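Visitor: First to last, the sequence lines map onto chains U and B. According to numbering that gives the first Met the number 0, the stretch in the first sequence is residues 0 to 100, in order. According to numbering that gives the first Met the number 0, the stretch in the second sequence is residues 0 to 194, in order.
Hints are computed from structural coordinates only; laboratory data are not their basis. Bear in mind that the values here come from a model prediction, so they are computed numbers and not experimental data. Possibly wrong hints are sitting among the right ones.
To spell it out: a stretch of chain B is covered by chain U in this simulated footprint if at least three of its residues, at any positions, have a beta carbon under 8 Å from a beta carbon of chain U; those stretches are [to be verified]:
1. 11–25
2. 69–83
3. 101–114
4. 145–158
Sample of chain U residues facing chain B (criterion: CB under 8 Å; computed from the structure) [said to hold, decoys possible]:
5. Gln6
6. Leu23
7. Met33
8. Met38
9. Asn40
10. Val42
11. Leu77
12. Phe84
A few chain B residues facing chain U, derived, Cβ under 7 Å [unchecked claim]:
13. Val48
14. Gln55
15. Ala57
16. Pro142
From the three backbone atoms N, C-alpha and C, an ideal C-beta is built for every residue, glycine too.
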Amino acid sequence: MTVGVSQYLTVAAILFTIGAVGLLIRRNVLVMFMCVELMLNAVNLTFVTFARALDDVGGQVAVFFVLVVAAAEVVVGLGIIVAIFRRRAGATADDLHILKG
Amino acid sequence: MHLLAAATPVDAITFVIASAIVLLSALGVVLARNPIHSALMLVLTLFGVAVLFVAQQANFLAAVQVIVYAGAIVVLFLFVIMLLGVDRTESIAVEPLRAQRPLVAIVVLVGMAEFALLSRSNHWVTGQPAASGSVRAVTQGNPPASDVTVLARSIFTRYLLPFEATSILLVIAVVGAVTLARKSERRPTEEEVTK
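Okay, chain B solo, but in the shape it has when bound (with noise of 0.2 Å):
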């Protein structure tokens, strides 16, 4: 297979250490007692998989990565963590829902088995070609392709509706956002609701 000739030890390496990265600060933000800690190993998360996208010539989007879910996304949950005071522990004592961490082993533990499995073998990809664009275009074209003109061409042509689609989505976030966290001005009655 072409991306197994490709490999060269550096790319073992990046790989092994940007994954190491990746699942320790994954269990990480699982793991810690407090949300901003969670909120900061998510940042760490969020880099390493960063550093897996550039060692697949995914360059445009680690930088995209990196700017709008590190940078925005993970602030605004610290905004948030920050004006809420959210320090109080949870009471994991309390058990309204029986049984279900039980049923959380048996599927980790199932779906573990299952990805030991699968990934023994090494026939995933199938399938027609570059229907869209061709990425190896980036790194073995003549001359070498940006990968953000593959992207951006792809985008504008073939996915131009689904771009359009999104700016739609965005401003009804945003309206959205506003409404819900606007402070209304005064409490509904219990007739208004019921109507």
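Looking at chain U on its own, in the form it has when it is part of the complex (with noise of 0.2 Å):
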């Protein structure tokens, strides 16, 4: 067998698949959070991927970014959770319906 970008290629849409899969099926909001990093993830390794393939360091670049953007968004979203968690018990996301405008 040979290792070539289509194989990555493939790896990192069936992880994308399985990360927004989760999203959807899961109501647990850290749960939904984690899932969400699967699908970041995802798309790291294709970013990486296309680095190589293009032989061009921007794609690793990007990945860098989207790093740090992950970390922003990860420390926003607990202190949400928590502060939604302060107000009531449980973290089942269809309760939250009442956000709704």
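Two chains, two frames, a set of hints: combine them into the complex.
Guide: Now the structure itself:
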């Protein structure tokens, strides 16, 4: 078996799908958050693969920025989750439909 | 293609093992009942992705992946889980959004069929190579360059403005997290909210 670009991209695509499906089928806000991280990692893997295939380090730079944004996103998201938990028990996303304007 | 020529049996074995770890533990993240198990499976997934990074000459990013993601972000997740005591089970029986499950099943099937079709093609790569630094110089350069050098040269020249913008983003995130997580002294009255 030879390992080319398409194998890596396929793994990244399946990883992204698993993350997306998890985001849709889980109700626990924290697990949904982890599924977002899975999708971000799938995209990172795609970036690194294309960086190697195109011989351009710009893809790796993009991964660098995705890491920074992911860290910021997790901090703010977990802050929101803590704030919600302080008001009400339970971390089920569907319970938060009262948030709609 | 040069990539296929460079592939050795070791590359193939590494790829197969690492992708098996990635995909199985990603399934574990989604399927685990306990959020703590999900978080630990997430660590395993991130580690597998780091191995796939190393296999593609992104050594620095693999290190950052393990240190920042597995080291900091997942620990933050675990902190929140332990602090809040999220061990209650999800109520899957209640279905506020009808037809969401069949919809998900259709999306998954179509997506997987698409991936199966796309993976038959090997013509992914087009365009101008090496606009912002060569990755190939890491392994085939003369003398071989460090991937940190190549990455840093690109970040601090071509991508300097986005790099500076991330510092603003981090400051905003810190301020936002402190504001959100701080315990408010008193609840705002209805009047103040509507104002």
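Visitor: Against the structure shown, which of the earlier numbered hints fail to hold, in ascending order?
Guide: Numbers 8, 10 and 16 - these are the hints that the structure violates, sorted from lowest upward.
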